[in-house]
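Residue numbers (full-length UniProt numbering), protein chains in the order written: chain A, 1 to 442; chain B, 1 to 336.
Some hints could be false.
Simulated crosslink set (DMTMM-like; lysine to aspartate or glutamate; CA at most 20 Å straight-line) [as the list claims (entries may be wrong)]:
1) B:K277 with A:E402
2) A:K294 with B:E17
3) B:K22 with A:E364
4) B:K323 with A:D403
5) A:K30 with A:E105
The hints are simulated quantities; they were obtained by calculation from the structure and are not laboratory data.
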Amino acid sequence: MLKTFSKGGIHPPENKLTSTKKIKRLAPPKVVYVPIAQHIGIPAEIIVDRKDKVEIGQVIAKSGGFVSSNIHSPVAGTVTKLDMVIDSSGYKKQCIVIRTDVKNETNFQEVDYPLKKEIDLEPAEIVKRISDFGIVGLGGATFPSHVKLNIKEDKKMDCLIINGVECEPYLTADHRLMLEKGEEIIVGIKILMKALHVHKAVIGIEDNKHDAVELFKRLTADEKEIQVAALQVKYPQGGEKQLISAILGREVPKNGLPMDVGVVVNNVGTIFAIYEAIQHNKPLIERVVTVTGKKLDNPSNFWVKIGTPIKDLIEEVGGMPEGTRKIINGGPMMGKAIKNTDVPVTKGTSGILIVDEDEACRGEVKNCIRCGECVNVCPMGLEPHLLMNLSEKGMYEKAAQEDIMTCIECGSCSYVCPSNRPLLDYIRFGKNITKNLASSKN
Amino acid sequence: MDSPPIVISASPHVHSERTSKKIMYDVVIALVPAFLVSLYVFGFNALITTSIAIISCLLFEYLIQKYLMKTEVTITDGSALLTGLLLAFNVPAGLPIWMIIVGSLVAIGIAKLSFGGLGFNVFNPALVGRVFLLVCFPVQMTLWPMAVVNNTTIADAVSGATTLGIIKEGLQFGGTMTELSAKLPSSVDMLLGITGGSLGEMSAIALLLGGLYLMIRKVISWHIPVTVLLTMAIMTGIFWSIDPEHYANPLIHLLSGGAILGAFFMATDMVTSPMTKKGMVIFAIGIGAITVIIRLYGAYPEGISFAILIMNAFVPLINSYFKPRRFGSKIKAKIM
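Build out the structure end to end from the sequences listed, making use of the hints.
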């Protein structure tokens, strides 16, 4: 029996249409729109001005604090504007607009570096480089990676977990990266183990990616300190807390962090970005994006420069299909629906999903029949039906007592509800108000 | 962009195939084998009783929602149909038609819609209807028709009384189980459904088949039915092993008096049963225990209807005491 997490979970149809498609590198876009808030925490501070010439990989916005990250220019070119542009949140955010210099050869250089195994840097230097080179969690949460590596004195780390689960339906960015950059990822793991002073690392991969499991088993055959864990296919196994539970059987305490159980979790994409930053001095200026959907001509995986407008990617896969009703930035379970295809790809964009009429619309909301399925599937052991009711009625203090703040917003409750109740919508709403109430009290 | 507007909504953007309507119709499908058995055993009467119950439940729901509550009419969601079907299963085949209509009115009007409709009722509507009829018309409600086929095995039985009825009456008049056993249908007949009883409680096999279907379709989990039956078996087993002459054996208890119908189809009603597995087990132990107490010491030979209704009342309390364990609330200090 393969391992999996302790509570709840669902099995949405996988729809991994692009798992056999090699990651294709796109030519740099003519114009990139680089938002300064691509990570969780304080937005970066712009340090370039209009008409400035920038080189590829040059810092264009400086980290605004500890929980923040540098932002680098994805192309060589000229800053044309510092503008407000709608990002995937639907709000206008400060952006640096750069026109790509088509004559500059660095924009078109082949960027596949040879594998480099020796790790020259010392742990402190590694953490500093990760911070300087703008590495954030690429699994979707975009938490600045160096913050996770600054372990408090009183905590003892014993295990690094590498998240290769990719439990979101449709997305295959991490899967392809694992298959194509396996050896680099192993080096990246060693870099992080060195930085964290741990002697154990486990790569968690769901068993629907059997080829990746086999590949990593082969690659780690001679590695005593790195293991591969094949996991049962179950959503939301890619959640940090669920993955730790699945692999080590440890539960991160309520309101706690992975470091409370001696673990640091990093996504495979992040590991690869760290490898490139440490071994090849390459800042985070591009990432793998899956562009997919049942009606697309040619759903694909791409290496995409940060700041590329989503419409460029949609053109690459054969254009927007007739009858498109929803465009999702991310996967179908946790992604954000967007209206405008001018939205740029950011560090957190793992996929673009194009959905037609059949899948786009929600069913009619009916009465709760108290079937308890939302309770069964909640991976955090919450009672979504109760939290929805409390939020709806404005009973936020009671909702806080019922642990509304521990909800990870995986959407399993709304997915299974036979009466199509908007459970997660109300829970999010309740969480926001509860959070504001708590901060206004302090 | 194309003509149809782009939809913006919060995640998740996909939904499972499961709908409340499908759940309701799955339960209806699960009841089909038992219904076929009752058609075979009671003939035309079973068809009449069932049709009247279903039609009047749907009609009352329609009329009350449309003209009294002035809300959306929800008769197509399958729940009123199911209430009608279950009510029919819980009354004797051939009950006077007007009584069935009264039962349906109580079930839909009082037990379901006056609480706010589907999802808000505290008590199982079909059982409220059944118990109302049982209390108001005890004679007609315990006048079990003779099986029309192969009734040789129960030829001696008092106008087709139920197994538990025979035992209760027999024991009250000083009989012993050994003396009574000649009058009882065999276990095989009880399994197949060739015995006296209400319309749908007859055939243990057909009901178990339906229950199995519901479990495979994940409409119900094993927790409630298995715990109810296990509790009954253990309790009656203890009494029987102490004094087999004055207490029926557990098998008789499980195969008669609607125990299986109640455990698989009535107690598992989602609206009126607890949300968590822990809660379900507590709820089911309560039903099993109360049923046995009523059967052994109460005035009614069957008792499971009352037991379910009593435990229905405890469901809100059970839900607030037996919550799911929160993830991370029990810290496993297993640092390697």
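These are the hints, each one checked on the structure:
For the hint pairing B:K277 with A:E402, the CA-to-CA distance comes to about 18 Å; that is within 20 Å, so the pair holds. The hinted pair formed by A:K294 and B:E17 meets the criterion: a straight-line CA distance of about 18 Å does not exceed 20 Å. A hinted pair counts as satisfied when its Cα atoms are at most 20 Å apart, and B:K22 with A:E364 qualifies at roughly 14 Å. Straight-line distance between C-alpha atoms of B:K323 and A:D403 comes to about 12 Å, which keeps the hinted pair within the 20 Å bound.
Simply put, A:K30 and A:E105 have alpha-carbon atoms about 14 Å apart, close enough for the 20 Å limit, and the pair holds.
Figure legend: structure checked against the earlier numbered hints; every hint is met.
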